[in-house]
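Asker: The lines below spell out each chain.
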Amino acid sequence: MGLEQFKNRNVGTQNYKTLDVGVSPQTGMERFKQVAKRTVKGELFVGLGVVMKAMVKALFADDMHTVKYPFEKMPISPRYRAIHDMLRLLESGHYRCIGCGLCEKICISNCITMDTRYDENQRKEVSEYTINFGRCIFCGYCAEVCPELAIVHGQRYETASEQRASFSIFEDMLSPVDQLNLQQEYQGFGAVSPNADENIKQTPLAY
Amino acid sequence: MSQHNSINKGKAITVTIDGQKIQSTFGKTILEIAREHEVYIPTMCYLTKVQPIGACRMCVVEVEGVEGMILSCQEKATDGAVIRTNNQALHQERQNIMKLYNVNHPLECGVCDKSGECDLQNKTMEFGVAEQAFTARDQHRPIENWGYVSYDPSLCIMCEKCVRVSTEITGDEALKVKFGGYGSTIVNTKPEQNYASLGEAAAVCPVGALVDTSFKYTTNAWELEKIPSACPHCGGGCQMTYEVKNNKIYRVTNAYEFTNLCGAGRYGFDYANEGVTQDKEAFSHAIEAFQTAKSIHFSSQISNEEAMILQTLKQTKGYRLISHEARAYQKFMDAYSSVTGKSLYSGSLEEIAQSRVIIVMGSRLNDDAPSVKYHINMASKWHRARVAYMHPIEDRELSGIVTQFIKYEAGSEEGVAALLVSELLQAVELPKGVRSFLDDLDIGNLSAESNVGEEELEMLSNSLQKKSGFSLVIGSDLYAHPQAEQIAKILALLETFADFNVVCVPPAGNAMGISLICDLDDEAEGYTVGYNVPADFTLSALGDGDLDMPAMNQQEGTLTTLNKRVVPMHVALPYGGYTLNDIANALGVVEEYTIDYTPLLPQERGFQSVAFDDLPDYFDSVGREYRGYPLRRIKASVDRKFEEITEIDGFDGAVVYQCNPTEQFSAFTAKCDALKSESFLVGSEQFATATKLQDGEQIIYTIDGVVFDRVFKIDTSMKGTIALNPTYDKGLSGALLSSYRFSRLDFKRAGR
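Protein chains in written order, with my numbering: chain V, 1 to 207; chain C, 1001 to 1752.
Only chain C is shown next, with the shape it has when bound in the complex (with noise of 0.2 Å):
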């Protein structure tokens, strides 16, 4: 629906296209308008979610009064256009120009990947050309592996939808065309990082130019059942759909022409717990553990079926329900809604994508959240928006967006939000309270403490001055913060003061879901059951615990998305054992399946009664979203109430901060092949000389009782004295780190 391009004026129109009458809106290009009335004309380079290219020329019209043909990808229709799609002259133009596309084109149809799929293949069909009438001297075009994709230059059809996606969508700016007429070709700038995001470029690949190298040669597109679902990593919810073959997922596509999916979400897909069967023994001592056990604990790895189910047991037995991460995200939210007067956040990704200034706080975006990050720099590219990062660490994948960053040290987050709320809302009329609490800040001490100066919180309250269109995200560095609190209160102000498009980006997994589902407590008593944590009693869908639970590819059920909304998610490999739902029907709380909870989700949280089956789950033909159903934002009490600022407890030498590596999230993404990731403590040279470490020694240190054994490595790219430490290879306790992300290195090295 690109309204990105569209400055829409609202003013309504009415053209005329094949003798059809249309009202419409001043602003729309011809063809966008002719696709909202299913006015079918042909096109090889459009892609809808990026500015038009305009490379094939497939999409001409002749328009009445106007001399040739024009692009209808291009060209905005007026008011009483009258519009032609198809004549004899624009047959003939479009049967030239794919005349033109097979020249030379290998006729390798019977081995290439995207035969059955390809564009080329079936506009060449559409338009009759029969042989390959021209020719060209051919030249030497050698395949290319480019790590998770390859490309084969002699396929490629130069539609620069790759280059394009790679620029405005995700933002790695790896692709570039190299021009030189008959012989340009794409090339990888920067085939060192290997960026799993060019399986995005990959996915809008019209022929089989550019296809994921797991992928490649391994079956034929035709013979894949495709299973919509959506993707379980982070919170995202992204829309995918398995591609399965003799109960095998051979690949992840997404509905590339609306959507966008990580690298995560297209490679991450073989977790699945496989060759499990009923044992009903284990099964028999699970019943006992949740008859003798005070607790349930479990990760955000889980559905909001299953999140009910647990609230259900929890409702009939009293058992207090453990999940840390959600629990802080409850808190914070609940924070967050008694200053907002409303349940859940304003913004969303579109949102995030139109608009002009946006702040970054707490999360390391391109690690934490990939799709936002997308979004983002979709805004950075069509609007040019200023993008303020702060955080205490610098991220040089984000250097082609960020226009400011402001840095601040670790544990500083309440100082710096109080600093950037006062700065922002100089201006604004508030109530009184409010007003006489950003009045009492001792900025100077604040500022001196966090580090962030006053000069450059100005800079960015000036870049806002001229502008509309504000979107804050918040990372889950404040969730587990100790004040987290305290400052989801002071960044809401900005919400409903200054009207922020604002977006709490949600901890990995469905922690959402479960933050509005589960009456969570905060810690675990007596005899505890753990689902995908250890615990007394271990459920685990890695198939290492005392019972096999399904993993999220093996269960349906829907997931809440940290765009608002509850997606439904499908079976795409079978499974075998029990599930959560025979042991809770064991246990007296009988629905025969896990999806009959779906329309039981509680109302008061915004959820709607609609039964699994009745979820739809599609775009339609102009990219506007029918997945699932966007959820109610609720009423909450309103209590804008501050507290002082505590004081700053800084972080003195060296510091680790939990962030796994791009494209993983959990124990599950690290049982992923196609995800490789070695996983150390990468830390800069600085920190090797505060902590006198050596590059490649290993050490040993704990963090919320986890036994860390890693080596450190040195990564002349970052500055400061904070490490990056992953927790994604640490299986089921990795959901035991709850505790804030930045923490002090207390170590020993190995062996001694």
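So here's chain V without its partners, still in its complex pose (with noise of 0.2 Å):
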């Protein structure tokens, strides 16, 4: 599909379907004959028929059309914004944040706040990481400016909770180092492009 059709800003021309509604009543008389028409024909056991029909399906053969809301959740969009995930390196489980600072530079409500520190290692260690929720408009910047990949939008989209800080604190978004095998690359913004491996130079450290 082109894009064409959605440029296209003349309402008038396009094809759109007219559904066949069938005349209103006008007078007094047709609306009584209508209301009488409806009454003797039984419409309403089709419509109790139909919810019968569902309600067998559900109880016997086990197929409903309702999700059962907290207890299910229907899928969402890869590419859906809602509470950040850190991610870590699957090789050595360390997380991947190298601390740089753009995402709290970048971050437009300014919710974002990092520390950093010079580890015993000799490396930069993220010392303190918290992310406003009460502020953050889930915009995706800190994931798009993240050369990392290291934060990420995540499919946590329900945002109650009795404390904010329950969202904010950096452990609780990094993925379980025991449920590491569950990690999932992110498809979303800010993402590797489809053809990342196109773009891919060799380094000049290869020899």
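The hints are simulated quantities; they were obtained by calculation from the structure and are not laboratory data. Backbone N, C-alpha and C define an ideal beta-carbon position, used for all residues, glycine too. Keep in mind that a hint or two might mislead.
Derived list of chain C stretches under chain V, where covered just means 3 residues or more per stretch with a C-beta under 8 Å from a C-beta of chain V [to be verified]:
{"#": "1", "stretch": "1141-1150"}
{"#": "2", "stretch": "1213-1219"}
Below 27 Å or equal to it, Euclidean Cα-Cα: the simulated DSS-like pairs (lysine-lysine) are [claimed, not checked]:
{"#": "3", "chain 1": "C", "residue 1": "Lys1245", "chain 2": "V", "residue 2": "Lys105"}
{"#": "4", "chain 1": "V", "residue 1": "Lys201", "chain 2": "C", "residue 2": "Lys1099"}
{"#": "5", "chain 1": "C", "residue 1": "Lys1248", "chain 2": "V", "residue 2": "Lys105"}
{"#": "6", "chain 1": "V", "residue 1": "Lys105", "chain 2": "C", "residue 2": "Lys1226"}
Take the two lone chains and join them into the complex the hints point to.
Answerer: Given below as structure tokens:
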């Protein structure tokens, strides 16, 4: 599907289909006739029959359309921007964040705060990382700017909690280290482009 | 402006740079002339304050009629030269240099501290080097932690700036280049010393190779707010910039291209009095205390404006103002002026750096005034200056600079000054009174009493003969000497009659400003209010007094520096409590802000009537200083009467010398996390024998009413029977130590 269709702002010439809704009654007599007709036709039982059929299916054939939220949840688009996840390196289990501070800098609602320090291995270590979800507008810039794909948007869209801090601690956003095998590479905003492999150049360090 | 490498013959020349005709004088390099006229020539290794390094070759230019490319940082411009700073070939050359700099440079800008202010980053962008085209087999280069600074050899581009700074400026001579082609690296030859002055070397590093350990990986450079200020620790008032984020000082930087900052200035910044709120009750107690008080006793850690407030209070309320260090300095300088006929002294740091002969007297220089030591080191390295260091204790840290150490007995400074002056002024025409005073000196006796050999002084004066450019540095041992005024008069003869650049290094803090602004009294009387000094009612910026006061990095105001300038300080951290001005307002001396006193500073003492907000604070493109304004030297009445030299009252046995370790000046530097010094009484083995003390023994002694409870340590590098006694860790009471810096040690062992 091309974009031409969307760019056409001339509404009148597009192929809208008009539904056949019949003629609505005009006079009092016509209205009375319609009511009388519907009353004796037994359409009511058609509706009840549909409900009955669905009930039987749900009870005995285990085929129900209702999603039993919050016990069940609908799958959401991978591009959905919900509460952030901090990912880990699969090999070492160490968190991917290198503490560059770009997410803190780019955040337009100033909700990311981080502190880093010089650790005993003489590497940069993130000593504190919080996101104030009272301010976060889920714009996704942090995930887009992250050079290490360390901060991504996750799937946790339920933002009701007794305390905002329940979401915003670094450790809570990190993928649990014992469930590393479940960590999914993020496909959404800021992810590696599908043709990334083609764009990779050999570094001059190969000898 | 590196005057040091320009033999300024002063001949006017005309050069053409990129078609622009420029008038200049012979002796300046092409790069200097270009910078002076805002013509851009890219450089990587050039550092204005040291001699040209010539390692990067980025500054190449073309000169008509000369084949090939010329290094503009080293080549002096000649008359009529036609210079092109940029064309296709030069651009290509510079681009190739940048490509080579990027060989194997780690692509870790994301975590590098220098990112955002990195020369390599900037120039790589400028010359459009988009990828690393070359490579070399890499080697294992571990990151080294040298204490105050950390070194990452894989980021190093071998520009050698740090080595030059370490040798030419700070003089610690710790850093050396280890040559080895691609494997070249910088090595720290004295890692066990952990010099804080290496911070100066880290400051000039154009990449992230050499960085402050305390700052490393804590924040990104671009997020810090830069607040220009002046360092309040010693009397130097060096230029510095606080870099602040979220009300926390992350680091201190300076205009490293032109100025220097010692370890205390660079790492001693976290002494603020934090979390203070307006305590109305304490404030009303303070007002009551001021209303009953007869005297105000204060330390040197205050700004010119605060000193002016105290002086105004004295005029309206008749308080006695006591500040021992400043008072001693004031008396010394008054006596000094009575010989020179002018207030202040003649010398400056720039003149010291240009000197050929420098005499230092009465100061443990490396610990008392690092900026003076740096400038003496510059003279030593650039002009091979002869440096005579006259002091009772030899200083190992100065061994690389000092050409002649003249040891004298503690207490004999008056005799030493007389000996020195009579030797140096032998062939000079003097007024009768002065000549007869010098002729009447009993040289033999003085020499014997002070232990200064006549031949030592003769050697010194011989070395002066063929040279010009003499400097004399006078230190704070002399100010509190019982005969200080006589010493001042004798040494002032060298300024008046022998054309010496004399610098009387003020004691730590703003003692010089106080001595110029306040009419000080000698002793306190009656109920006393102390400001940063323990008294009946104590105002304290350390937060341990009866009313809190802002520390120096929490207030705006001006400082008077040893370079005879009045320089502005700005607020780096917030302060929520009361200030001295609030107290003055409550007492009826009304000005809205403390800085309203800046234009009111006494013009008859050399200050100018300039509002605080109009004080400039910058260096221009060639390093001329525009910070605040210079003090004027005012005429003083001349009175060249000398008294006879008093009998020298020598010290027998064990003597202690009040001397803080390097990087420590006061209770404020003691509060700083990065500056960690352990305070011991440090003496030689000889001292241990004389006192029968063991290494590690704890003793108790009292000096000026301050009780010291210290562990004694033997330092095998020291000689003689004088031990060093630090005072910085004594909190506010450190300001009570006001008598002569040498004193006899009467101690008792702890627990007996």
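Asker: State the violated hints by number, sorted upward, taking the hints as numbered earlier in the document.
Answerer: Violated hints: none at all, because every hint is consistent with the structure.
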